[in-house]
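From first to last, the protein sequence lines are chains H and E. Numbering-wise, my numbering puts 175 at position 175 of the first sequence, and it's gapless, one number per residue. Numbering-wise, my numbering puts 47 at position 47 of the second sequence, and it's gapless, one number per residue.
Fair warning: there could be bad hints in the mix.
The list cannot tell twin chains apart, which means a pair is met if one copy fits it or any two copies do.
As a list, the in silico DSS-like pairs of lysine-lysine whose alpha-carbon atoms are at most 27 Å apart [as the list claims (entries may be wrong)]:
id, residue 1, residue 2
1, LYS214, LYS50
2, LYS59, LYS182
3, LYS147, LYS99
4, LYS182, LYS154
5, LYS147, LYS41
6, LYS65, LYS182
7, LYS154, LYS144
8, LYS5, LYS41
9, LYS5, LYS65
10, LYS44, LYS154
11, LYS50, LYS182
12, LYS147, LYS182
13, LYS144, LYS168
14, LYS44, LYS214
15, LYS154, LYS73
16, LYS214, LYS5
17, LYS25, LYS182
18, LYS175, LYS50
19, LYS175, LYS25
20, LYS214, LYS41
21, LYS144, LYS182
Treat the hints as calculated values from the structure; they're not laboratory data. Please read these numbers as outputs of a predicted model, since none were measured by experiment.
Number of protein chains: 2
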Amino acid sequence: MSNPKIYVVGLGPGGVEQMTQRAIKALQECDVIAGYHVYIKLIKDDFADKTFLSNGMRKEVDRCKLALEEALKGQTVAMISSGDAGVYGMAGIMCQVCKDHPEVEIEVVPGITAACSGAAVLGAPLIADFCTISLSDLLTPWEKIEKRLDCASKADFCIALYNPSSIKRHDYLQKACDIMLKNQPGTIPCGIVRNIGREGEAYELTTLAELRDKQVDMFSTVVIGNTQTEVINGRMVTPRGYRL
Amino acid sequence: MSNPKIYVVGLGPGGVEQMTQRAIKALQECDVIAGYHVYIKLIKDDFADKTFLSNGMRKEVDRCKLALEEALKGQTVAMISSGDAGVYGMAGIMCQVCKDHPEVEIEVVPGITAACSGAAVLGAPLIADFCTISLSDLLTPWEKIEKRLDCASKADFCIALYNPSSIKRHDYLQKACDIMLKNQPGTIPCGIVRNIGREGEAYELTTLAELRDKQVDMFSTVVIGNTQTEVINGRMVTPRGYRL
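Hey, can you work out the whole structure from these sequences and the hints?
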């Protein structure tokens, strides 16, 4: 008998069109697809013959344990993540949950993460060195997030902000902007992208100073430019030093 | 007549299997595919009915000008990039070259960048906040790269190093490690991935102290963990704070 197998698959930003061929093949090959119910809904119709295991937000550890159980029973399991499974996704926790089962083969199938899909909507803001920072302090202490915002803006990185806001954290983006504004000019171009790759996709260009007072929702990704970033024909572009 | 149209398409790490459905569709819809000849070769057989425009390394500006000329003649053009067109790729320079032609519609189609495809091979090292830093000083002054290495390691970011080495820059990785070692312990897990998504794909786990004296080639991506990163069953994993 072959080893138990778990795929951890990044769906990219939206539905099946944004998945790689490799990701589609992984879902076709598995018996069970596990995931957060919102993401299961996105792909369910395209893989209708599969068994689905879904649960709610913040039940990530339970979801991985259920997936492991199925794999140990001999089922090939695909654990899905929105975006890239390896960026704020399920790949890490799946490896951790399987720690005592080295016989389980875990194959991580990457997808397009929101920094990349959001940047594509805006133009080309992350063309050079950039950071991703999540503003959610559920899993990372806020002091560490502050330190990262400070260091990243000091070094003139472009920055993609994940989880920029939620009902409980409505002022976190404002706090984050205040930290970055200590190191960078308020004129730096910024972009907000909503519902990337899904119905209602929209973007807005602004500046770091103005971003401070914007309301963004939990379906948004925010991109902060650096001192090189320009707006060209309504798109946000960070030049990379080519001579034109 | 509709506006001139240029797609800038990220191929992901390897051949067609690593592309998104959306990227494949963009290449199918265009008349002309433009790109660096090595990448054209990767996909040529799958889109054999297209016209190809290819040239050599460091001819990026010329390549974009040629693509623009074709688009202005009424051809739908796809400019391809390895990985993600928006991360050290062609999306930025394409927008810059089209600056005086606001009528040209530029659609950036994202792909899987090497940070994400490399991380997937290694396990889940970039699961939380991370930076991408290119060690090539062709387009960015070395002092700026040093500052970014210093700030990123001070803030305990995981780091994906692009262009970690070349014949002319054989000691840049060593210099980079020396900067990071001032801020981070030498025991931090690191990974080197070669030929991601292509023939000869291989990876090696090491530590920051050991990485300093490794020889890596220009087909490699290097991932530096943070103080949380562990090796679990031979994979590099950065936990994200979940309680197991």
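Tested hints:
{"no.": "1", "hint": "LYS214 with LYS50", "in the structure": "neither (42 Å within a copy, 45 Å between copies)"}
{"no.": "2", "hint": "LYS59 with LYS182", "in the structure": "neither (37 Å within a copy, 38 Å between copies)"}
{"no.": "3", "hint": "LYS147 with LYS99", "in the structure": "neither (31 Å within a copy, 37 Å between copies)"}
{"no.": "4", "hint": "LYS182 with LYS154", "in the structure": "both (9 Å within a copy, 18 Å between copies)"}
{"no.": "5", "hint": "LYS147 with LYS41", "in the structure": "neither (37 Å within a copy, 44 Å between copies)"}
{"no.": "6", "hint": "LYS65 with LYS182", "in the structure": "neither (44 Å within a copy, 39 Å between copies)"}
{"no.": "7", "hint": "LYS154 with LYS144", "in the structure": "both (15 Å within a copy, 11 Å between copies)"}
{"no.": "8", "hint": "LYS5 with LYS41", "in the structure": "within (23 Å within a copy, 33 Å between copies)"}
{"no.": "9", "hint": "LYS5 with LYS65", "in the structure": "within (14 Å within a copy, 48 Å between copies)"}
{"no.": "10", "hint": "LYS44 with LYS154", "in the structure": "neither (44 Å within a copy, 43 Å between copies)"}
{"no.": "11", "hint": "LYS50 with LYS182", "in the structure": "neither (52 Å within a copy, 51 Å between copies)"}
{"no.": "12", "hint": "LYS147 with LYS182", "in the structure": "both (13 Å within a copy, 17 Å between copies)"}
{"no.": "13", "hint": "LYS144 with LYS168", "in the structure": "within (19 Å within a copy, 37 Å between copies)"}
{"no.": "14", "hint": "LYS44 with LYS214", "in the structure": "neither (35 Å within a copy, 46 Å between copies)"}
{"no.": "15", "hint": "LYS154 with LYS73", "in the structure": "neither (51 Å within a copy, 45 Å between copies)"}
{"no.": "16", "hint": "LYS214 with LYS5", "in the structure": "neither (45 Å within a copy, 33 Å between copies)"}
{"no.": "17", "hint": "LYS25 with LYS182", "in the structure": "neither (47 Å within a copy, 44 Å between copies)"}
{"no.": "18", "hint": "LYS175 with LYS50", "in the structure": "neither (44 Å within a copy, 50 Å between copies)"}
{"no.": "19", "hint": "LYS175 with LYS25", "in the structure": "neither (43 Å within a copy, 41 Å between copies)"}
{"no.": "20", "hint": "LYS214 with LYS41", "in the structure": "neither (31 Å within a copy, 46 Å between copies)"}
{"no.": "21", "hint": "LYS144 with LYS182", "in the structure": "both (17 Å within a copy, 19 Å between copies)"}
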